[in-house]
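Trainee: What follows is each chain in one-letter form.
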Amino acid sequence: MRALFLHTAGSVLARMPDSTASTKSQSRRPGYGAGLRAVAPLLPAVLAFGVSFGVLADAAGFGATASIVMSLTTFAGSAQFAIVSVLGAGGTVAAAIVAAVLLNARYGPMALSAASVFRGGRLRRLLEAQLLVDESWALAQRDGEFDRRVMIGAGLGLYVGWSAGTAIGVFAGDSIGDPAALGLDAAFPALFLALLAPLLRNRDALAAALLGAGIAIALTPITPAGIPVVAATAACLVGLRRPAAQPSRSAEESRA
Amino acid sequence: MNAAWTAVLVVGVATIALKAAGPVLAGGRELPLGSARVVNLLAPALLAALVATQAFASDEALALDERGAGLMAAAAAILLRAPLVVVLLVAAVTAAGLRLIA
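Residue numbers (the working numbering), protein chains in the order written: chain A, 3 to 258; chain B, -15 to 86.
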């Protein structure tokens, strides 16, 4: 446990701006195991939310097989909760599908941001991409680059935890209590903040983060759930405002 | 086919396609420099949006609740360079403690 502790600390949080230049030349790259170790602290929360999804899906009349197949194929918590809550409240299947697809639309730009590191044939890339969820994508941000093997290792841990939790919830019922009462829902924004912090090493990244958060907050009350995060991707366009490697031009611009 | 299986099938196929589109169509290719700079900023923009919505959004409304307090406590732990597992525990314990009192 102590080793895990130190590893997670070292790999995720202690990588502050000092280690910028060394990534490319490092011979020892973090691997699948590093992804599994990085995701380990999250697994109790993921398992607990999987259980509560199983319980809710069962209560909404989903049936055991459909609930578990959904966790195995869709593998995206917020969209799955949206589907069972819409259908459970008597909504139409079309409304449930639209809500879930909007919630998952963020995976388009997320996967695109990581696209260049995927290897092999199309089928292999398609299958590996399925392990991309918020947490595995976020944990794979290493030194400003996306580490495919960390994403796969972390994604496998999340996949097993989420699917096993769903099965436990469906068959064993509400045995572990409400995840919210344990504060587990508060762990997820904390995770994303912890993974965001080391990325904020230059002004463009800071501007993109502030603008992204601002867009998401501003749109939350006025758009369907899912849209705010997708719209926040527009914040990456701050990268267009000036070429970072040409200080002479930005000096001209700032004078104007 | 009932409503549950229709949703499982349609959302499953849509999600698989959303995740696979970038890596299948643009995988293994270096992006041109200009678009690389933009794509590299997707990570901070999306992470910040996830922080904002997971801490302060409740369905389609803004909410300042125990998750926000947990996030503030986590931010302090991050500034103190606490290990990730400690950051997560600080956030969860803060939110759970406040809910216990309320």
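The set of hints was computed from the structure by calculation and includes no laboratory data.
Backbone N, C-alpha and C define an ideal beta-carbon position, used for all residues, glycine too.
Careful, some of the hints might be misleading.
[Claimed, not checked] Which residues of chain B face chain A? A few of them, derived with a C-beta cut under 8 Å, are:
| # | residue |
| --- | --- |
| 1 | A(-12) |
| 2 | G6 |
| 3 | F40 |
| 4 | L48 |
| 5 | L64 |
| 6 | V71 |
| 7 | A76 |
| 8 | I85 |
Trainee: Any of the earlier hints contradicted here, and which numbers?
Mentor: Structure breaks hints 4, 5 and 8.
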